[in-house]
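Residue-level listing of the chains:
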Amino acid sequence: MSTFRLVAAAGLFAAALLGATSVGAQGQDPPAGDAAHGRVVFLKEACFTCHGRSGQGGAYNGPAPVLAQTALPLEGFRAQIRNPVNDMPAYSDAVLSDKDIADIYAFVRSLPGPRSPKDIPILNN
Amino acid sequence: MSKGRNASSRRNFLKSAGLVGAAAATAVTPPVAADAAPAAPLSKKALPPGPRQIAAETMPPANDPVNQSSSGGDFMVDVLKTLDIDYLAINCASSYRGLHEAVVNHGGNTKPEIITCVHEDIAVHMGQGYAKIEGKPIAMACHGVVGLQHATMAIYNAWCDRVPVLVFGGNIMEADKRAPGAEWVHAGVDIGQIVREFTKWDDQPASLQHFGESVVRAYKIACTPPMGPVFIALDGELQENPIPDRKALRIPKYEPVIPPQGDAAALAEAAKLLVNAQNPVILCDRVARTPEGMANLVALAEALQCPVIDNRGRMNFPSRHPLNQSFRRALIGQADVILAIEMNDLWGSLTHFHDRIVRASNPATKPGAKIITLGVRDLYLKSNYQDFGRWQDVDLDIAGDGEASLPVLTDAVLRASDAGRKAAFAERGKKLAAAHQATVEHAKGEATIGWDASPITTARMCAEVYNQIKDEDWSLVGTAIQLNWMHRLWDIKKPYQWNGVSGGSGVGYNLPASIGAALANKKHGRFTVAFGGDGDFMFSPGALWTAAHHNIPILYIVHNNRAYHQEYMYLTAMAARHGRGVDRMDIGTTLKEPNIDYATVGRGMGAHGEGPITDPKDLAPALTRAIAAVKAGGPAVVDVVTDPR
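For the protein sequence lines, the chains are A and B, in the order given.
Mapping of the first sequence onto the numbering used here: position 39 corresponds to residue 42, and the numbering continues sequentially without gaps.
Mapping of the second sequence onto the numbering used here: position 219 corresponds to residue 477, and the numbering continues sequentially without gaps.
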């Protein structure tokens, strides 16, 4: 399967998540989930396979968006998991409970987001 | 063709022409009649052998000579030399022993020089990587139907990648010449049939003159765009028998085909559409086939100040050129005119396809967008294998080699651009340059996430490597599935700094093809670096032995995520679809328990080995040591335990 076809196909998913940052999580209450348990579920249920263990993003059939410090609200985050746009697999409550999702959300919100590249000299070659 | 025991076979007829007569030598010892010697007295001691016994044990029978002064293999080597073929990559085999010996002794093991491989797949993949750097094919030889079947995946990759490779396969055409056993099971009536659906041409020459003409023809076909692999069966008799009359054989003259340019009027029409477009986009895949290709594409893009989305089948466009918008594919949806050059699977690039329960798709282009295609790929297709992709409607379809046609198109664009359009282009160029820079900065920011994590992020792996090779005359010749940080972060701008991917997505390409590319780079003194997945590595780790044996310098970074990770994700999607067992999808998709130690594997093949590296702080010093080993003239493997993507 053409990598570039896949990239093109999944691009909208990335755009959907990244675009959702405009609605933002700013001003929300801190996530109520259990970040430590969320990390366990994040790894066990294979979220890391596309989004990376650090929530740095990756690729499935196309770019899989950064989740560290996601600006999606919890409801949007859950909606994407339950009924995703494009190629992300849907996780039903048989696989992930709402509590698991809340815990994962707390985990990814706890992950450090991007730093300034200027702090890492070799990124400025 | 069956011949009777007493028939004058072709082999024996030919032998009569060039053999040093061992039978004649036997004639100096007259046969001894059975009754000529007196009966010896019986003795308990062994008697010395008599003349008859000596003759029987030491002299070959008449008409079975044991020496010859020439062989068809010598002529075959003479043909290869006229084609300036640098190497013959082989896994040695009796079915082409005649050619092999002639390459070494008649040809002096130069032009071609033997490259010893431990699998035919490695030999052909090396040729694919070599051709994409050097711009010309090398030759490979396979052992009859068994070796050719080993080579098929690599030949298919070369076919899909439109790369010229010249593959030979030993065979013994005449059934009555085959020894019992292996020569029968390794022979075929038509061994080219095995690869006919994914080669441009094949033949099974029945004479040396036929061989000469077929090889020159095959070479020419392979190197004519659209390029591709070709196959020639080598009859054992032709290779091994004496040449009846060398003077009667003629080596045909090779003259390369001048690649076809697109029709001038059609190119002018394309130029008009591009000049008048508000948001044109150039899409490209396998455009550059010589160092001029990239310069030609840059000239067109700059004339229009038009974004270029590069699918990276070749080194088409510099990664840091302000018009490189390859990571902004949404531009396709805004384009009113799209010029697609030498594209593979154009439909796939212009469509959103959804890998869901219902496999739906919708155009990525906006309604009314004009699509122009320029290329030769579709001029040569086969039926069975579906590498041509889905049908794509287009508005102007120009048959012509992309690289050769670009200067004509650029001239037409310049002529069609008035001052008003040039001003508009300049404004567009400024916006695109700003967007490109923002994309680069965004990539750098994303690269920082998980910077100190273990397993090591792929971004850090790529950044650490670039930091240490950036001042070398480097050539990047391999990557793993979905690993594109190099194109996001590195300044890739010279024609040999990238050479594309496998073509057929056949796993096992990356390591041997990278070593083939490194073989080409070696003569130019370039520093070769490649990344490759761990799953890919395990298909043909023996390629490293070839690199060590032939002193081929290459820094090979194993992107070790301990899985066939793309499949791991696909399987997870299947389980999620069913609402079951997502946490069990490592079964059959991962490479752990035990973990594979690639550095040790590399050392076992004679390469320098570093790793497994799990702490990112250990990566830089390991790379420094590995680079020193590469500069000393050999291969080095760095096993980096990474996050999946």
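Rather than coming from a laboratory, the hints here were simulated on the basis of the structure.
Here a beta-carbon is modelled for each residue, glycine too, at the ideal position from N, C-alpha and C.
A couple of the hints might just be wrong.
Listed below are the simulated PhoX-like cross-link pairs for lysine-lysine, each with C-alpha atoms no more than 20 Å apart in a straight line [what the hints assert, rightly or not]:
(1) Lys511/B x Lys369/B
(2) Lys889/B x Lys121/A
(3) Lys875/B x Lys47/A
(4) Lys850/B x Lys121/A
(5) Lys728/B x Lys889/B
Partial chain B-side listing against chain A, Cβ under 7 Å, derived [to be verified]:
(6) Ala691
(7) Lys702
(8) Gly703
(9) Ala705
(10) Tyr724
(11) Gln726
(12) Lys728
(13) Asp729
(14) Glu730
(15) Met827
(16) Thr830
(17) Ala834
(18) His836
(19) Gly837
(20) Val840
(21) Arg903
Covered, in the sense of this in silico footprint (three residues per stretch, anywhere, with C-beta under 8 Å from a C-beta of chain B), are these stretches of chain A [unchecked claim]:
(22) 62 to 70
(23) 73 to 80
Hints versus structure:
| no. | hint | result |
| --- | --- | --- |
| 1 | Lys511/B x Lys369/B | 17 Å, holds |
| 2 | Lys889/B x Lys121/A | 31 Å, violated |
| 3 | Lys875/B x Lys47/A | 27 Å, violated |
| 4 | Lys850/B x Lys121/A | 37 Å, violated |
| 5 | Lys728/B x Lys889/B | 14 Å, holds |
| 6 | Ala691 | 19 Å, violated |
| 7 | Lys702 | 4 Å, holds |
| 8 | Gly703 | 4 Å, holds |
| 9 | Ala705 | 6 Å, holds |
| 10 | Tyr724 | 6 Å, holds |
| 11 | Gln726 | 9 Å, violated |
| 12 | Lys728 | 5 Å, holds |
| 13 | Asp729 | 10 Å, violated |
| 14 | Glu730 | 13 Å, violated |
| 15 | Met827 | 5 Å, holds |
| 16 | Thr830 | 4 Å, holds |
| 17 | Ala834 | 4 Å, holds |
| 18 | His836 | 9 Å, violated |
| 19 | Gly837 | 4 Å, holds |
| 20 | Val840 | 5 Å, holds |
| 21 | Arg903 | 3 Å, holds |
| 22 | 62 to 70 | holds (count 5) |
| 23 | 73 to 80 | violated (count 0) |
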